[in-house]
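Each chain, letter by letter, is given below.
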Amino acid sequence: MTRLGTAYYWEYQRSPDLRRDLDLMAQARIRTIRVGESVWSTWEPRDGEFDLDWLTPVLDGAHERGMDVLLGTPTYAIPPWLQRKHPELAVARADGSRIPWGARQEIDFTSPTFLRYAERVVRQVVGRHGSHPAVTGIQLDNEPGLHLIHNEPVFERFTAWLAERYGDVGRLNEEWGLAYWSHRLSDWGELWRPHGNTTPSYDLAWRRFQAELTTEFIAWQADLVRELVPEDRALTTCLAYQRPALDDVRLSEHLTITSGNAYYLTQDALSRDAGAAPADPTWFATGPAGLFQAADRMYGSKGRRFWVTETNATSIAVSQLNLPPYDGQLRQAAWALVARGAELVSYWHWHTLHHGCETYWGGILGHSMEPGRVYGEIATLGAELEAAAGDLAELTPDADAGFLYSHESKWALQFQPPLTLDGRNPDRDSYERVLATFYQGAIDAGRQVAFVTAAQVKRLPVVVAPALYCLSDELAAELTAYVRDGGHLVLTFRSGYADEEARARAEIAPGPLRALTGVRYLEYSTLLEPVPLHGLGRRDVARHWADALELEGAEPLAFYDHHHFGRWPAITEHRFGAGKVTYIGTLPGRDMTAALFRQPETDALVAADTPQVTVHSAVNGRGERLWFVHNWSDQENTVTIAGRATEVTGTREPIAPGPMRLAPFDVRVVK
Amino acid sequence: MTRLGTAYYWEYQRSPDLRRDLDLMAQARIRTIRVGESVWSTWEPRDGEFDLDWLTPVLDGAHERGMDVLLGTPTYAIPPWLQRKHPELAVARADGSRIPWGARQEIDFTSPTFLRYAERVVRQVVGRHGSHPAVTGIQLDNEPGLHLIHNEPVFERFTAWLAERYGDVGRLNEEWGLAYWSHRLSDWGELWRPHGNTTPSYDLAWRRFQAELTTEFIAWQADLVRELVPEDRALTTCLAYQRPALDDVRLSEHLTITSGNAYYLTQDALSRDAGAAPADPTWFATGPAGLFQAADRMYGSKGRRFWVTETNATSIAVSQLNLPPYDGQLRQAAWALVARGAELVSYWHWHTLHHGCETYWGGILGHSMEPGRVYGEIATLGAELEAAAGDLAELTPDADAGFLYSHESKWALQFQPPLTLDGRNPDRDSYERVLATFYQGAIDAGRQVAFVTAAQVKRLPVVVAPALYCLSDELAAELTAYVRDGGHLVLTFRSGYADEEARARAEIAPGPLRALTGVRYLEYSTLLEPVPLHGLGRRDVARHWADALELEGAEPLAFYDHHHFGRWPAITEHRFGAGKVTYIGTLPGRDMTAALFRQPETDALVAADTPQVTVHSAVNGRGERLWFVHNWSDQENTVTIAGRATEVTGTREPIAPGPMRLAPFDVRVVK
Amino acid sequence: MTRLGTAYYWEYQRSPDLRRDLDLMAQARIRTIRVGESVWSTWEPRDGEFDLDWLTPVLDGAHERGMDVLLGTPTYAIPPWLQRKHPELAVARADGSRIPWGARQEIDFTSPTFLRYAERVVRQVVGRHGSHPAVTGIQLDNEPGLHLIHNEPVFERFTAWLAERYGDVGRLNEEWGLAYWSHRLSDWGELWRPHGNTTPSYDLAWRRFQAELTTEFIAWQADLVRELVPEDRALTTCLAYQRPALDDVRLSEHLTITSGNAYYLTQDALSRDAGAAPADPTWFATGPAGLFQAADRMYGSKGRRFWVTETNATSIAVSQLNLPPYDGQLRQAAWALVARGAELVSYWHWHTLHHGCETYWGGILGHSMEPGRVYGEIATLGAELEAAAGDLAELTPDADAGFLYSHESKWALQFQPPLTLDGRNPDRDSYERVLATFYQGAIDAGRQVAFVTAAQVKRLPVVVAPALYCLSDELAAELTAYVRDGGHLVLTFRSGYADEEARARAEIAPGPLRALTGVRYLEYSTLLEPVPLHGLGRRDVARHWADALELEGAEPLAFYDHHHFGRWPAITEHRFGAGKVTYIGTLPGRDMTAALFRQPETDALVAADTPQVTVHSAVNGRGERLWFVHNWSDQENTVTIAGRATEVTGTREPIAPGPMRLAPFDVRVVK
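Residue numbers (the UniProt record's numbering), protein chains in the order written: chain A, 1 to 671; chain B, 1 to 671; chain C, 1 to 671.
Next comes chain A alone, as it looks inside the complex (with noise of 0.2 angstroms):
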């Protein structure tokens, strides 16, 4: 059932009331709670002595309300015993320094010594409370991936890794292209440390090394755990997929379902006009498109409906940025994770804390403890995903643009990155800016996008590949045969550019796809500052990129205004087999990159009259089509309806054909 839910710490309050907070939980339809995760230092206070009770009464509590409780395995945080006892835990960073202790995670999780005490402590809490009655799943850690390990036997394994894979020295001189700056290897024992790497080949290498790490840990403990408890109980962790040394979709392979953060910038930056963000991009989805580009980066984790087992209440992060979601906002996010897959949207958290790193994370609930603004919202959230809880069973999100996620593509991109800061320094999140422009292009033109990986693109009519700048000649032949069958594919400027070891192709780009664009380039330009761009019957501005596209059977889309850059169309289009390809040699401005995704009518059921107003839709498991209506704007906007509806949100009534109104920051749900 779609339910709601809240992170629960209990252990952390000072004077708890566990009847209160519990029965005020029931009262806002709070149906999930999530425990235990980061208290290794209370589920074992010495070396060997555990004291696990503490949490029964929680868990009881929340079984005689009939609410769930996910339940976290504590090893993402060690005890200040264990960091004391071994201090060689720490992680090592690439100078070699080592990460403090006094947050969390600042371990080296690969380490023998420290799987040893961890399997301990899981065994005891999971052994102690796994087939609780309330315990339907357990979460594996915690938001894994946050560092890149240097320790020195992580740097031994990668060594061990890299032999493994290139067999002898000679194989990766010449893969590598050591040649270069005198760094061709006689020996494995010769291997440079990563701190003083150049070589993007050996970065990219040393990623894929850590991402691999990060789910064998995850894997590990899964296996372990599916030992302790009984076999309906779902197996998940917290992903931050914005995590140096992860890949989501292959962590997830060991997982029953994926669950993750969905932390959003709320108030003025939560409309469809927002402006720059305040706040880290890549720890905060922006915008509206940023939100529904979160929901969907987790359905695609597993090409399945997922968890949001962490999303904002009451404000996030630091002190000095404290952003009560306006009236109305919490709804819209809700409404809008339901409407991407979410079966659960679990608040972080009840409880502002009074201490500790996180005091100015706003809970449901303020440090006052008071029911206040928030949890008036929450809890008229609550009541109506009650009321529509048959419309929501079973709920699979339509979809019908395909999002090609590629991580080595963002881990090369991360080394060499395209895009400037400034006009001079480097964007390391490139990939990710890239990839926003054009899902923010694809919501605006009304799209529904699905992640997919390669396997499946087929699923689409159309797949974008946004910077795929790591691309095997496999994924290329790949993506060649969906246009040949048909698919529209979109490329952007990058894609197709380096290979598999991030080298740059040795063929005239963009090499492998070169026939299937229809077009070559033998230069490419930053651009310093916007140019004038026209096509598709509209005026906007090239920014960061130019292609030096020459056409080999492709039509021209869109031009440069510019004395040197004219002489080059800055959008393509080719037929190509069945299909098509569209390839975009800049990074076009909102207005002209919706155009490349608008779509002629269709029969859908609603119809946005502004553009502040976006509508998703899904299938539930009756079969009926259920349309998600969001007005992202502080002002009043309506949709048309086109036939017989009836409201899921609300007061569940009929709603006549024609316009239909939607309040300032309002979402309506029809079917």
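These are calculated hints, taken from the structure and not from any lab test.
Fair warning: this is a prediction, and the values are worked out from it, not measured in the lab.
All residues carry an ideal CB built from backbone N, CA and C; glycine is no exception.
A portion of the hints provided could be inaccurate.
[To be verified] Label pairs and their calculated CB-CB ranges:
1) B:161 with C:473: 55 to 65 angstroms
2) C:94 with B:168: 18 to 28 angstroms
3) B:168 with A:16: 20 to 30 angstroms
4) A:473 with C:302: 31 to 41 angstroms
5) B:459 with A:421: 46 to 56 angstroms
6) B:57 with C:302: 52 to 62 angstroms
We have chain A; now place chains B and C onto it with these hints.
Frame of chain A, contents of chains B and C only:
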């Protein structure tokens, strides 16, 4: 007697001319010189070998000319032989690295090893010269508290300090909320180092402890020197108020008189309408209000008159920032300091140094050693002060607004700042920024400020407690009593939000001030952009923060113009007992802030006709009130004299009632 | 013969086609290849095992096509086996940490251990190939002086170097003013490390010493190689002029010919009216003046013609800054270098690398290995240069303004910069910025510049000594003699302010230049904002600095419009002996700066009609004067030809007197 002085480093000169220097000083009525505090390696060129007599000609020469000498102990700058012999004295930073030798104050002054050497040199220097008739005071060390000292023995003392305060680790676990993120200790030896710390209560304890170390060191040296000199010698040190390990009030308990730096920005920055500061605003006072604030802080350290041991002569700071004062500005600054209680205004320094780190800290003489414009300005001022000596004797500055300064709140808000610098990154000087905003408002409204401790609030009709984040129940009770008895308390956002452990209070905000303020709030928001604000007959803007104030008896005074924040008042006023409380839930613009401090017509002798003019007053030993009138502008301005007056500056003639002219950057004193 | 070249890294290619590469080069008239300098691990794959023959086909292939080869010694990039065997060779940074291996130039080249290995590989490589008939020169190491080397043995040498210079510590105490902040030494062993140093004289000594180490290393290698090759082989190295440990003049004394980098920003940045640079201006020349300055610096290193061993082909630098030249710009740059004395213009590099740090340094061929637009431009240029070969033989560039370059002043002003970047933070490139401003002025005024040493000033009618901060009495006497004998000396703020120890002079400024300049000043000020400036019939602005000039015989030329600074002139002129001195107390805007360099009408053959055009001249071996006319603009412009002329570029036809057209980004050479 109110007098001018200068730091005089004869020993730094390559071709010193003592007689010429002292004669030039005497001609300019410079009556105090400050000597000897930086040259341990000259006093003791080799371990245990002392060279003490080089100073005698300076002391004798001063004495012959009727000048006083402030003799410094040289303990803040250890000699090369000592750093070589005891490298372990180097201050360890948080990350364990050592501060390299090459400047000064790089030593762990808590080390018994260091203290043994320090005692020996102090006994020699002060023993030799402390009783010289010219010497009227001893400066103990210099600008103490520069570094937080992370040397291992200091950390061990910190652990013991905690153990003594908290008794057992269980209590610490409880008070600091260490269940969070698996931080519960089972033994004091498990305490983590400050480097990785993320716990606010830990940080606050660490800061308190470090400030205590500084106080302890100065107290130790005061006790030592007291043995060595006649009783009438004043013991002091030169305080740099922005030092991170400093509590000026506690430290000053061990001094005869407080001394400190009054560095301020000159040229356009020293006008009433100055814009942003070109340099670090925590090191340099900015604008007239900044200068007055620096003086008022020094007065506040002991609640008594003070010495300015360092203030700019020609220019200040680094090679790229040379800002010699405009004509008149030196005179303005000196009179401002005198008005607020300075007995001594001592320039740093006599001659600009030809070598060393501070080559571009311009002295009274430039590198040329030739008296120039600045010397001329100081000589004019010296004559003026001498002529006014009788009027200035035993001057007590007036004050009608108290400011409560909270080191704990400053430290806690450095760790968890409420303000951003740029809409994103934290402003670690948030506390000082909030304080300075309200101090500026008080000055703009014609108020005169005294910095007070909790015990002193009763003396003043209005007391401001800006951003008093760390509020104990005891202090809350004292403030409540103050208002009940008729005081007017001005509180701001963050006042009372946390307790003395920097924990957010688990009660409805503003916690123990709720009854007093007549407001409560369950949420608050960062304002990423200024929001229009109206009230008190004005339109202005609210910046950075908005408490969601709900009225519980208070009257609203000002409101946000905003679709979301508009529901809550921005400023309120509450009658309580015989007094009242103003609560300001945001950081208002300058105009609105000043409006909060405006008062009805007074019977002042002098009234400013334009905002560019400030009027301060003080009462001398004869009971006469003096009025110090500054024109902080490059334009002429006037004030109105209400009655019969005599000028203390300039020609010292009677002045008729009516308008009195002030030239650009002029100051006139009347009685 | 004036020729084109390219760096050629056959060994970096995965599927090399030597014949095709060399044939393509020959077709483009590329007549020199530079090889082998980066691949020690290819030359010596294991300790003592050499593989030397791989280069032979390249040398033979070049020889067959009549091409020259510049063979590099590989000492700047040690192989993995050597860094593993001798980790102590890693350069220590100031803080003691080691530069990690992974790029190149991470080694302490002063180490005897390193030198032993270096000698062995040089003997092998140069012994094997240095006498090949194609090889005409040997490049010793590459771009030396990248790091200040803080390894302990180097510091010990520094101490000994000081002891030898100063004799005893007492003298050092005196000269460096070490009474300050307790720095007096009693023994050389007490010298502090550079890391914590705050003493300007210390820093200057350290920089001098480091530059000497670089010179010593190249001299050592020159002596070694001289033994190994026939006498007619030229010895050179590739200088990167911005290296911190480099004195190009001293180092070049050990070379047959100076070679260096001429990297410059292209596209809009290479127009006369370019704005701010998108990249580090110390690495890239900016604008036409920057390009000419780079060339003139190289000429100045030995006062002779030079080789450009590296200049941009398609693009330069990092992945986010790809700026292929506009049509014509490569030709413009090459002709500009030739006009100023380049015998060789060698592109970096032949093919864009597919892997490694410099993947996005675009070569003549792109990653595709396919000749494109850039290859075409170079081939056209090659043909043009070949056609003009006779005209270009033994070309000596004209010069009518000398610039005195002072490494000491540059280093001293890096330590104590006079300018800010932003009104606050120091501009460590202050020296270069002042110099570039006046160089730009000279170019704008149609001057041709020679960089000169003190001994060379007499050759030129005007000599500029910008920001000559470190001025010895000896140099002051030489400059005085120059003016007395009729020279025109241009001095700026900071010129002569300090002595050769970077001590501020203890005399009235500008010290030993006072009589010469006819001005004195006792103070100076930073200008936080530009101040209006008038004089020389112009209105402009004064920036960053204002000396408070008092006239002692000089005439004022320009004045500040400011209530405070207006009392002092900004620019003065003084007749002295048979010559005159212009003194500029500020950094004027571009227009005023150019005005200082304007000269009466000359009898030049070519006169620019617009500011976008530059005209340079040089005299060839036949005594003919050639005129190099550039249009640095995307608009057409013209010049006026005063007499009978023949074009050396293009069609090589006679040109009638009158207007001559220049296309956008055109260059035409006439004689």
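* What hint numbers does the structure not satisfy? -> Those not satisfied are hints 2, 4.
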